[in-house]
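A.B. asks: Kindly generate the complete structure, drawing on both the sequences and the hints.
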Amino acid sequence: MWRNRGMGIASITSISAVLMILGVVLILVLSINNAVLDTKLKFDEIEVFLVDDLPNQSMDRIEEAVKEHPGVLSIIFRSKEQALEIMKEEWADEAYLLDGLETNPLPDSYIIKVNDIEYADGLVNDVKTLDGVEEVKYYKDVIDKLLIFAGYIQFGGILIIGILVFISVFIISNTIKITVSSRRREINIMKYVGATNGYIRGPFIMEGIFLGIIGALISIVIVYFGYQYFYKSMNEKLYDLFTFYLVDPKLIFTDLAIMFGTIGAGIGALGSLVSLKRFLNV
Amino acid sequence: MIKLVNISKEYRNGVTALYDINMEIQKGEFVFLVGSSGAGKSTLIKLLLKEEGITRGRMYLDGADITRVPNRRIPYIRRKVGVVFQDFRLLPNKTVYENVAFAMEIIGARPREIRRRVPLILSMVDLSRKASSFPDQLSGGEQQRVSIARSIVNNPPVLIADEPTGNLDPDTADEIMKVLVDINNRGTTIVMATHARDIVNKMKKRVIALEDGRLVRDEEKGGYSIEIPNI
Ligand SMILES: Nc1ncnc2c1ncn2[C@@H]1O[C@H](COP(=O)(O)OP(=O)(O)OP(=O)(O)O)[C@@H](O)[C@H]1O
Ligand SMILES: [Mg+2]
Chain A
1 MWRNRGMGIA SITSISAVLM ILGVVLILVL SINNAVLDTK LKFDEIEVFL
51 VDDLPNQSMD RIEEAVKEHP GVLSIIFRSK EQALEIMKEE WADEAYLLDG
101 LETNPLPDSY IIKVNDIEYA DGLVNDVKTL DGVEEVKYYK DVIDKLLIFA
151 GYIQFGGILI IGILVFISVF IISNTIKITV SSRRREINIM KYVGATNGYI
201 RGPFIMEGIF LGIIGALISI VIVYFGYQYF YKSMNEKLYD LFTFYLVDPK
251 LIFTDLAIMF GTIGAGIGAL GSLVSLKRFL NV
Chain B
283 MIKLVNISKE YRNGVTALYD INMEIQKGEF VFLVGSSGAG KSTLIKLLLK
333 EEGITRGRMY LDGADITRVP NRRIPYIRRK VGVVFQDFRL LPNKTVYENV
383 AFAMEIIGAR PREIRRRVPL ILSMVDLSRK ASSFPDQLSG GEQQRVSIAR
433 SIVNNPPVLI ADEPTGNLDP DTADEIMKVL VDINNRGTTI VMATHARDIV
483 NKMKKRVIAL EDGRLVRDEE KGGYSIEIPN I
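Here the protein sequences come in this chain order: A and B. Numbering-wise (our numbering), the first sequence opens with residue 1 and increments by one. Numbering-wise (our numbering), the second sequence opens with residue 283 and increments by one.
Be aware that one or more of the hints could be misleading.
Ranges of calculated distance between the beta carbons of each label pair, as one might list FRET restraints [as the list claims (entries may be wrong)]:
id: 1; chain 1: B; residue 1: K503; chain 2: A; residue 2: N188; range: 34 to 40 Å
id: 2; chain 1: B; residue 1: E292; chain 2: A; residue 2: D255; range: 52 to 58 Å
id: 3; chain 1: B; residue 1: P393; chain 2: A; residue 2: S181; range: 29 to 35 Å
id: 4; chain 1: A; residue 1: V221; chain 2: B; residue 2: P393; range: 38 to 44 Å
id: 5; chain 1: B; residue 1: R294; chain 2: A; residue 2: Y229; range: 56 to 62 Å
id: 6; chain 1: A; residue 1: R184; chain 2: B; residue 2: P393; range: 48 to 54 Å
id: 7; chain 1: B; residue 1: R294; chain 2: A; residue 2: S181; range: 52 to 58 Å
id: 8; chain 1: B; residue 1: G345; chain 2: A; residue 2: T262; range: 44 to 50 Å
id: 9; chain 1: A; residue 1: G162; chain 2: B; residue 2: D494; range: 53 to 59 Å
id: 10; chain 1: A; residue 1: S181; chain 2: B; residue 2: Y293; range: 22 to 28 Å
id: 11; chain 1: A; residue 1: V221; chain 2: B; residue 2: R397; range: 42 to 48 Å
In silico contact screen, one side only, chain B against chain A (beta carbon under 7 Å); selected entries [claimed, not checked]:
id: 12; residue: R360
id: 13; residue: R361
id: 14; residue: V365
id: 15; residue: R371
id: 16; residue: L373
id: 17; residue: A385
id: 18; residue: I389
id: 19; residue: M485
Since the hints were derived computationally from the structure, they do not count as laboratory data. By construction, the Cβ of each residue, glycine as well, lies at the ideal position given by its N, Cα and C atoms.
C.D. replies: Structure follows, in structure tokens:
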């Protein structure tokens with residue numbers, strides 16, 4: 001079909017590259033948004049996780065130390081059983097998964113609310129040093145960091161994607177140009193006989209769209225299976241580290257496929273149009 | 283059928299190829315366009331085909347002002363003006379039949395109509411037997427007849443020919459002229475640019491002569507050049 005196979009391959013590769021990077025950026029941003037949504041509910045809470053089987057006097061000491069701290073509005077104890085109940089509620093449809101647990105893996109904790117976020121940092125630092133405190137989680141912090149991180153990814157991603165789209169359009173327009181010039185004689189005759197621009201453009205635009213769709217197919221396969229693999233091996237670990245879940249690959253597959261197909265076809269069509277512009281004015 | 287009013291054409295590089303041309307060609311006429319090389323014949327044809335824009339003046343085709351038309355309307359003007367060139371311009375990988383049918387496909391004719399009309403036109407130019415030959419298997423005269431068949435298959439009211447016999451020997455050129463006259467007799471208006479002195483003199487048709495972009499002669503039943511009486 002192509003006189004120049006190399007150019008066709010270059011076109012497809014460039015479109016695939018654009019879409020793959022788009023896919024990675026998209027998944028990252030989605031996952032981060034997921035994490036932010038997840039934690040936003042606990043926005044003004046500081047969670048203090050306790051070591052297992054802490055003696056009562058240690059707990060009293062922690063409670064007192066916190067109450068003495070300025071700006072503390074309330075401190076509530078949440079047992080590991082309560083924590084599990086809450087988790088079941090949050091997981092709703094998937095709660096049955098928790099029923100399978102033999103022991104409750106969640107720790108006892110204190111939920112602290114502050115008057116004003118101003119006090120939070122100091123409080124977190126102080127509580128961390130207390131005996132019997134396993135870990136302190138302050139979600140405002142995490143959210144801020146995640147949002148900034150997401151912002152960078154979004155910005156960098158858009159920049160790279162923009163550049164790559166530009167390059168792809170350029171490569172495709174050159175590919176189509178080769179086909180166009182190999183059929184220049186035919187186009188010329190078509191014009192003299194009164195073919196409309198649409199009629200002349202049609203096959204070339206189809207060729208561009210075809211290249212774009214092929215590129216989209218390749219990238220969707222790579223992104224989907226690549227991400228699925230990553231998801232399977234990393235989801236648990238990421239949750240342990242950062243308490244957030246990745247977006248489930250199955251949930252985004254359809255949207256991703258539609259988006260990739262549309263963008264791929266769009267880039268292909270645009271590339272053709274750019275290369276045909278020159279030929280339309282005679 | 284064709285009317286030019288004070289037409290001038292200046293190319294973008296500054297060359298003025300036509301100055302203030304006026305002419306009116308009636309439906310069914312056969313007109314020769316003559317003049318030495320560079321006189322502006324091909325330029326005039328390009329204006330008629332909307333291949334080049336008009337610098338000044340007005341141009342009418344079949345009563346419609348086509349001085350300036352949006353790009354998307356140009357194809358529809360070209361469907362009214364068939365064109366034949368010196369170099370035939372056939373598609374080498376298509377047969378004679380396909381080359382002609384191609385012109386009908388392009389404007390969206392129905393397959394049935396194409397199957398009916400193409401053989402008819404091929405027999406008109408006496409090429410029925412060559413329908414499945416490829417252009418490189420044909421003589422120059424035959425190739426030009428294919429090109430003519432293609433230009434009239436959609437039945438345009440006007441046929442323009444830019445030196446259609448330029449690449450052909452005199453006998454073959456005469457054959458082509460017969461075909462053109464035949465087409466003209468069926469009512470198609472023909473404008474033919476040519477250097478073929480003998481043909482013009484023999485045919486006794488209207489002659490419009492250009493010289494350095496100016497119309498210098500417009501003569502019914504004229505000759506190639508102004509007769510200089512023998513002393
Ligand atoms: N595309 C163009 N751009 C600039 N100048 C042009 C162009 N085409 C033709 N010309 C100039 O316009 C003038 C008329 O050219 P044209 O081709 O109309 O002559 P012609 O009568 O057809 O000549 P010939 O008999 O050799 O075919 C010439 O001076 C030519 O150099
Ligand atoms: Mg010429």
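A.B. asks: Let me make sure I understand: some of the numbered hints might not hold for this structure. Which ones are they, in numerical order?
C.D. replies: Failing hints, ascending: 6, 7, 19.
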